Each structure stands twice: as C-alpha cells, then as structure tokens.
Amino acid sequence: MPSGAMTVTKDGTLTSLSAEGIPVSRQLMDTVFQNLCSHSLHSWQHAIRQGFVTIHGGSRAGICGTAVIQDGHLENVRQISSLNIRIASERIGCAEELLRNPAINPERGGLLIAGAPASGKTTFLRDISRILGASKPVSLLDSRGELAAMQNGMPQFELGAQTDILDGYPKAEGVEIAVRVMSPAFLICDEIGSDAEAEALLGALHTGVHIIASAHAGSLAVLRQRPQISKLIESGAFRTVVMLGSGDRCGQVLETSSLRGCAG
Numbered sequence: 152m153p154s155g156a157m158t159v160t161k162d163g164t165l166t167s168l169s170a171e172g173i174p175v176s177r178q179l180m181d182t183v184f185q186n187l188c189s190h191s192l193h194s195w196q197h198a199i200r201q202g203f204v205t206i207h208g209g210s211r212a213g214i215c216g217t218a219v220i221q222d223g224h225l226e227n228v229r230q231i232s233s234l235n236i237r238i239a240s241e242r243i244g245c246a247e248e249l250l251r252n253p254a255i256n257p258e259r260g261g262l263l264i265a266g267a268p269a270s271g272k273t274t275f276l277r278d279i280s281r282i283l284g285a286s287k288p289v290s291l292l293d294s295r296g297e298l299a300a301m302q303n304g305m306p307q308f309e310l311g312a313q314t315d316i317l318d319g320y321p322k323a324e325g326v327e328i329a330v331r332v333m334s335p336a337f338l339i340c341d342e343i344g345s346d347a348e349a350e351a352l353l354g355a356l357h358t359g360v361h362i363i364a365s366a367h368a369g370s371l372a373v374l375r376q377r378p379q380i381s382k383l384i385e386s387g388a389f390r391t392v393v394m395l396g397s398g399d400r401c402g403q404v405l406e407t408s409s410l411r412g413c414a415g
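Residues in the sequence shown are numbered consecutively from 152, following the working numbering.
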C-alpha cells in the first residue's frame, strides 16, 4: 500500500494529491460526523471539546471546525471542516522483545515510551499491559478510550487477565483511585501532559507502584525539555526511556536509554 498523503479517486483507487479526487461536500462531512457520534452529538460534547471522538474498536477521529468560546473557554465545536480518522490496530507480541531486554525490567523501575505522533506508543503500551497483566496486577488508565476500546464494559483488545481498566477517567483522578483501591504492581497510562497528571504519578510512585507511560517527543533531549516529564525523570519515576521511530520506521525501537537518578 502506498505511504504518505494520497487522494481517493472516483473509482476507489489511491493516487497522488495532484490527481482529481472525490470532493467532500458539506452534507457528506456532516453525515460522517453524525455517524461517528452515533447520531447523538450531545452525548459526545465532552470528547468533541477535546478535539476527538473514540469509536468502536479504539479508532479515533480528530476533529477540526469552528470553535464556540464562552467565558474564555472552548465550549463546543461547530461547522466541522476536517476529520482525521486513525485506525487502531493490535500488534500482539510487539513488546515481547523489548521486555526481554535485560536493561528493561519494569519490576526494577518505571518505563517511559516516547516518540513522535503516530510512532506506535499506544500499541506498545497495549502489548506491555497484555504481557505484565498475565501474571501481575495492572491498572490501565484509558482516559481517551484508545488503549482498551471498552464496549459495554468489555475491552476490545487483549490486555491481560489481571489488568483493571479505568475507562474515561481524567488521568490525575484515575491515578489516585487506582492506587487507593486496586493495589496495582504496575500503573500504565498514555500521553503525560499536565502538571496535575505529573503530580498524581509522583504520588503513586511513593506507594511503590511502577509507572509505565508514554509521552510525545522526537528525541531524549526534547523529552527532557518538557517540564512535567523532566520532573518525573528527576524524581526517579522512570528507570528507562525507549524512543520509537515514526514514518517508515513506525514502531521500531530507535534508542533505549537508562535515566540517571532513577530509583531502584
């Protein structure tokens, strides 16, 4: 299959962007958006404000449109103009070689999976959960519904028999709840972003739980420039960082680095 940006022709084939593709009408865009939201936009307002909706199977549709601002805050998005549908995939076994590496032992310290957008971070976290959750208690924080793709209380992916899934919880609150009531050996979450999330993970670290998380970064140097990540690294939350490639090297481990000052 061709890679990169392509257009779809009227006969259903993929070709270069310079060729004439199928025009997307206002009606077609609205129809697709309504289908993504199961024809109940009100039920999806919280997700829409965050810029995406997660659909069956863990696939996610990013949303662009006209912002509705109230009291300086994003209240809604109307007149949807762009949709970016990312198809979720399960790659059972993709993290097995990584965890066989003697330098990476999650039971001796935390693990940070880093990479550019669309580098396979979520897929790796999902398989790590499957492997560790087969024999150890794992709490999986799925704040965006991508890791587990829960449907009617059941995950759509294989995540380990001892994995407890906190679906849709705000990350900071979910960390506190998981540590307080589930007693996990490992706590797994994706995309650390805010100060509140970093503080909650620091609190979890002090209880003895091992943290496995992901973060956006194209290099270790860039990773250390992010205040929240730098604070976690300096605290000893992560023993090892793994950098994943993107584009043609999506899902490939480019670098594995030991982090100084890590506990354990």
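These are computed hints drawn from the structure, not numbers from a lab. One or more of the hints may lead you astray.
[Unchecked claim] Below, a list of computed lysine to aspartate or glutamate pairs in the EDC-like style, where the Cα atoms sit at most 20 angstroms apart: (1) K287 <-> D346; (2) K287 <-> E248; (3) K382 <-> E327.
Quantities reported herein were computed from a predicted structural model and do not represent experimental measurements.
* Determine which of the earlier numbered hints do not hold for this structure and return their numbers in increasing order. => The structure conflicts with hint 1 only, although it agrees with all the remaining ones.
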